[in-house]
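Protein chains: 2
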Amino acid sequence: MAKTIFAVIMAGGSGTRFWPASRESLPKQFLKVEGGHSLLRGTWSRLEGLVDPENILVVCGQRHADLVRESIPELGENNLILEPVGRNTLPCLALAQIAVREIDPDAIQIVLPADHIISSRDAFQQSMGTAIHAAQSGGLVTLGIPATSPATGYGYIQTGEPIEGVGEGKIWTVRQFIEKPDMARAQELLASGEFFWNSGIFVWTSSAFEAALERHAPELWRGLLGCAEGGLEEFMEGLSPLSVDVGILEKEEDCKVVGAEFHWSDVGSWPALDDVLPDAGAGNRCSGEGKLIAVNASNNVVHGPDGHVTALIGVEGLVVVHTEGASLVCSKEHAQDVRAVVKQVREQAPDRA
Amino acid sequence: MAKTIFAVIMAGGSGTRFWPASRESLPKQFLKVEGGHSLLRGTWSRLEGLVDPENILVVCGQRHADLVRESIPELGENNLILEPVGRNTLPCLALAQIAVREIDPDAIQIVLPADHIISSRDAFQQSMGTAIHAAQSGGLVTLGIPATSPATGYGYIQTGEPIEGVGEGKIWTVRQFIEKPDMARAQELLASGEFFWNSGIFVWTSSAFEAALERHAPELWRGLLGCAEGGLEEFMEGLSPLSVDVGILEKEEDCKVVGAEFHWSDVGSWPALDDVLPDAGAGNRCSGEGKLIAVNASNNVVHGPDGHVTALIGVEGLVVVHTEGASLVCSKEHAQDVRAVVKQVREQAPDRA
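So the protein lines, in turn, are chains A and B.
Following this note's numbering, the numbering of the first sequence begins with 756 at its first residue and continues without gaps.
Following this note's numbering, the numbering of the second sequence begins with 756 at its first residue and continues without gaps.
It cannot be assumed that every hint is accurate.
[What the hints assert, rightly or not] Calculated lysine-lysine pairs in the DSSO-like style (CA-CA distance at most 27 Å, straight line):
hint, chain 1, residue 1, chain 2, residue 2
1, B, K1087, A, K1046
2, A, K1006, A, K935
3, B, K1087, A, K1087
4, B, K935, B, K1087
5, A, K925, A, K758
6, B, K925, B, K1006
7, A, K1046, B, K1046
8, B, K1046, B, K1087
9, A, K935, A, K925
10, A, K1098, A, K1087
11, B, K1098, B, K1087
12, B, K925, B, K935
13, A, K935, A, K1087
14, A, K1046, B, K1098
15, A, K1098, B, K1046
16, B, K758, B, K925
17, B, K1098, B, K935
18, B, K1046, A, K1087
These aren't lab readings, by the way, just hints derived from the structure by calculation.
Could you put together the complete structure from these sequences and hints?
Written out as structure tokens, the structure reads:
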């Protein structure tokens, strides 16, 4: 009998790379970049037809509960899991595991970050189908993105043996996970042809994940189970942040990787919008509901509030973001310096950080 | 006996070169660029100690009366002259002449645009003193700015004979006025060493100006006088726009030019703010009350609302303007294309033009 499919959307992130549009009060997953919809909403919509909405859980921090409800008004009352404090993805997914096991200890879980952009729902669901198949025979399955450049911002996954049978040619055992490499190492990994990027999207059965938690993070897991009667906030505050990649997957023997067949971006910074937004002419991209007027201007990324007019004249390769209270103009090559700016803003104008 | 000194501030302009900060509803003279004060306010303050505030008249369009009152709350009720319709500087100054002659037909008038930036009040008042002296012996006096580049955006004034006596070495007869030249001609004029730029600041006695109006623009002058009982709006609507330079000065035999000893800018477009705003580090200039954070960014001009944070990263030589509803990012070399953008904005988002 087919197992019930659950999805856990991780909406707890709070990055600064999309300042000033994304701030502490409005993390990236709530940014409206896809035709006026937030990234979180896009993630929810991508599951339509694959996962019953009743079986989709969203995990986020207390302060962002209202933003989640605004993005997904139809989210069931009990389907929002609030983290008293964020400690990266392992505690987040362990909390979700507690919720899912109570409903259906035999479920399949799709686990996915709220802030990715994936162009085709059909292709996404097809790859998910393959991953669900792979997970049903046990182990932890990760979605791998075919590496197309020596990116240093992603983790890498080396393929081992191909898995025969259904999904053949799309599923491999994992030989090893590699943390974000430097440029020289990334070039080697790319050249070998044996590596995927780690998407951070996972599929597993509840029982497989619970067994892995018992094996590799028993203190965390038992501690969380022990908070059923209260004390969760205190317990989580005492935890060090730990990702599920480092805390579980890298230690687990039985891991598989499914090669994703969809176009994916984790939209790590403003220039990444180049890959996911439509060309508004001359390579310019305009996200949200802003309006762009370009004269002798090309290859710029623009983000503004609804109806805001941005005029670009004689400029190229810029990121231009306008919000109430703060603006950013940045060459694409310097997009990583946004973090340094946010640090300065925190010191000099904390309400704008 | 010394004549009473009047000042006429012309605040009727409505340019588009400072879009989006300056719009139809907020022309350049009301822009706050000098330490939070509007250019109009700066012009008013520059007259302090030289002209009794009771004798300062401001001319503007009906729709901007409130903005003038806001900039100069102490302006007397009868000191604001409203033009029913703008027809350039000649009708504007003829209207002012009618107001001044009623109060004091023997007055000296200083006539000046509201939208200049002049760095030193002392130097300004010293040059005005020289010009007042020159005007007292009759004729029309214009303030000339020593030409330092082959600018094509200004009119030029060729000096004739030096005037002996008080102010010697600073006053000349005018040989000719030359309209905005092309670049080749501007280079010739500059090389000859005989030319000033025409500042648009004039000094004359009421009687000299009235005589010149009678001589060179009798229809306009008599028509305006005939509107004492009404019909001014209709009469002015029938006029073609005409500048006092073309309509009077170029035709008048008895003109003098006084070489200005102050640092002057007519702030014709965004990049001109380079010359008048303090360096905020690395050649960046920040006008208004906005806040600038610059990382690897140099020689940019930034304008934003009070308290607005603008972050620049890895960019050079840009004009960056953010207002509620509209933003501009423009390379300084393309600043003249702002007009083309305003045209597009008028078509596509008229409330933002």
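Evaluation of the provided hints:
Pair hint K1087 of chain B plus K1046 of chain A holds up; C-alpha atoms about 22 Å apart against a cutoff of 27 Å. Taking the CA atoms of K1006 of chain A and K935 of chain A, the gap is about 17 Å. The hint holds against a cut of 27 Å. At most 27 Å may separate the alpha-carbon atoms for a hinted pair to count; K1087 of chain B and K1087 of chain A meet this at roughly 19 Å. Of the pairs offered as hints, the one joining K935 of chain B and K1087 of chain B holds, with about 21 Å between alpha carbons and a cut-off of 27 Å not exceeded.
Between K925 of chain A and K758 of chain A, the direct Cα distance comes to roughly 22 Å. Compliance with the 27 Å bound is thereby established for this hinted pair. A hinted pair counts as satisfied when its Cα atoms are at most 27 Å apart, and K925 of chain B with K1006 of chain B qualifies at roughly 23 Å. A threshold of 27 Å between alpha carbons decides the hint, and for K1046 of chain A with K1046 of chain B the separation of about 25 Å falls inside it, so the pair holds. Using a Cα cut-off of 27 Å, the hinted pair K1046 of chain B and K1087 of chain B holds, with the two alpha carbons roughly 20 Å apart.
At most 27 Å may separate the alpha-carbon atoms for a hinted pair to count; K935 of chain A and K925 of chain A meet this at roughly 23 Å. Between the alpha carbons of K1098 of chain A and K1087 of chain A the distance comes to roughly 19 Å, so the proposed pair stays at or under 27 Å and holds. Proximity of K1098 of chain B to K1087 of chain B is assessed by CA-CA distance (about 19 Å); at most 27 Å being required, the pair is judged to hold. Proposed proximity of K925 of chain B and K935 of chain B is supported: the alpha carbons are some 23 Å apart, at most 27 Å.
Of the supplied pair hints, the one linking K935 of chain A and K1087 of chain A holds, its CA atoms being roughly 21 Å apart against a limit of 27 Å. A distance of roughly 15 Å separates the Cα atoms of K1046 of chain A and K1098 of chain B; the hinted pair therefore holds under the 27 Å criterion. Annotation: proposed proximity of K1098 of chain A to K1046 of chain B holds, straight-line Cα distance about 15 Å (limit 27 Å). About 22 Å separates the Cα atoms of K758 of chain B and K925 of chain B, which keeps this hinted pair within 27 Å; it holds.
Taking the CA atoms of K1098 of chain B and K935 of chain B, the gap is about 24 Å. The hint holds against a cut of 27 Å. At roughly 22 Å between alpha-carbon atoms, K1046 of chain B and K1087 of chain A fall within 27 Å of each other, so this suggested pair holds.
Figure legend: structure checked against the earlier numbered hints; every hint is met.
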